[in-house]
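**Q** Below are the chains, spelled out letter by letter.
2 protein chains.
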Amino acid sequence: MISMVLFGFGNVGQQLYKVFKKKKVNILQVYSPSMTPIEKKGTKFINDLAQVEAADIYIVAINDDAINNFSSSLPFENALVVHTSGSASIESIVSKNRRGVFYPLQTFSKDQKVKWKDIPICIEAENEADLSILKELGNLLSRKVVVINSEQRKQLHLGAVWVNNFSNHLFHLADDFLGDVNLDFNLLKPLILETAKKIKNISPAEAQTGPARRNDQETITNHLALLKNPNHKELYDLLTKSIREKFK
Amino acid sequence: MISMVLFGFGNVGQQLYKVFKKKKVNILQVYSPSMTPIEKKGTKFINDLAQVEAADIYIVAINDDAINNFSSSLPFENALVVHTSGSASIESIVSKNRRGVFYPLQTFSKDQKVKWKDIPICIEAENEADLSILKELGNLLSRKVVVINSEQRKQLHLGAVWVNNFSNHLFHLADDFLGDVNLDFNLLKPLILETAKKIKNISPAEAQTGPARRNDQETITNHLALLKNPNHKELYDLLTKSIREKFK
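The listed protein sequences correspond, in order, to chains A and B.
The opening position of the first sequence corresponds to residue 14 in our numbering, with each subsequent residue numbered one higher.
The opening position of the second sequence corresponds to residue 14 in our numbering, with each subsequent residue numbered one higher.
In this list, chains with the same sequence are indistinguishable; a pair is considered to hold if it fits within one copy or across any two.
When the alpha-carbon atoms are kept at most 25 Å apart in a straight line, the in silico BS3-like pairs for lysine-lysine are as follows:
{"#": "1", "residue 1": "K259", "residue 2": "K241"}
{"#": "2", "residue 1": "K202", "residue 2": "K246"}
{"#": "3", "residue 1": "K126", "residue 2": "K213"}
{"#": "4", "residue 1": "K246", "residue 2": "K261"}
Because the hints were derived from the structure by calculation, they are not lab data.
Modelling step: build the complete structure from the supplied sequences, incorporating the hints.
**A** As structure tokens, then:
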């Protein structure tokens, strides 16, 4: 069985810990600077990098912008070190180790129940042997393990920002608008869920509906009049134009 | 049992027909100008308004901008006539009949399996007796029947445009971006579904993550550089600023 050390114990680190434990992966250690040292079910929780043991793979699940410095502070060389970031390049890990990426394409919260088998795991490595280890590890968690290079991963991460971060922000705006007129945001939740489910079987282009799609200028004008914040007006206008551009 | 005539047989009309039939509502007739006349399971499909029979309620499930003219062409008076639109006012039905609204807050496709019990039904009427009929009818379909006036309904519909039409457009854009670099849009689908599910238990404000939320300027700059279309750059920029505004 693959032996592993996990660096970082935030949302991604904790979810990886949970699922790898479940899959009986040999997690030797979990490192976090703020960790209280303890041993639990065969895994040592440590806060001192000097104590890091030899392992088949080191997973760095920390903030994107900290990966580079952290990887240079690792007190070992020629080991397989991978990060879990969608946007950081494989080169953000310093080259004294064998580098790789193990990016689960999902949004994680600490207490969320994650259905790992559906989550795409995007892997990248500098040689075939390391790629095999990542594949083996990925296959333990998911039915969808894909080899993707850093350039493609950046595009994928950009796509994830549009569909996750930006969509969620639209939910946030709608929540505010409804709150302003004492309407319950819960009324929109079935629609939000159906919007996501709809594209399981048809493309987003086919699923597109609404006043912009129909070029229903009267409703568009009415909606713009309802919006008070000029930034929201601008955003509504730009999204409407962007839809029009696709269907003109 | 309530007797009903249904005008219009598009997405909404067909879904209402299916579910009211299932609930044993007495649908006397379904009218559509292009309908081939036939009788099926006790319902007459007609294409001639002169043949419309007396019923407890007339449901007008047609395009928003056609409601007014259509309602004035109805060859009867003082009957309960309701439309199913989110954005049209109750006054878009001409006043020779008793007016109302029966708006199921959901996006419908023809072949989709609709879970009616979770769909909010927003009702409005000019008097209590008619409101009771709409409530009774709504309760047959859904656990969530809410009385909402035309002003509130407009806000709700605007919210629906943000969370459904605009989110779906973001999916559409991501689909395009990934296609441009030969990546499979299916990779993003589990993330899209989780984005919708996440706000079941936490607010969109709490669920917000991503470079804009973290004010991660490096990633934002990289993303803007990846976008080729100036409209998409502008949209990315505006959405990012809108998120920053919420969390500054």
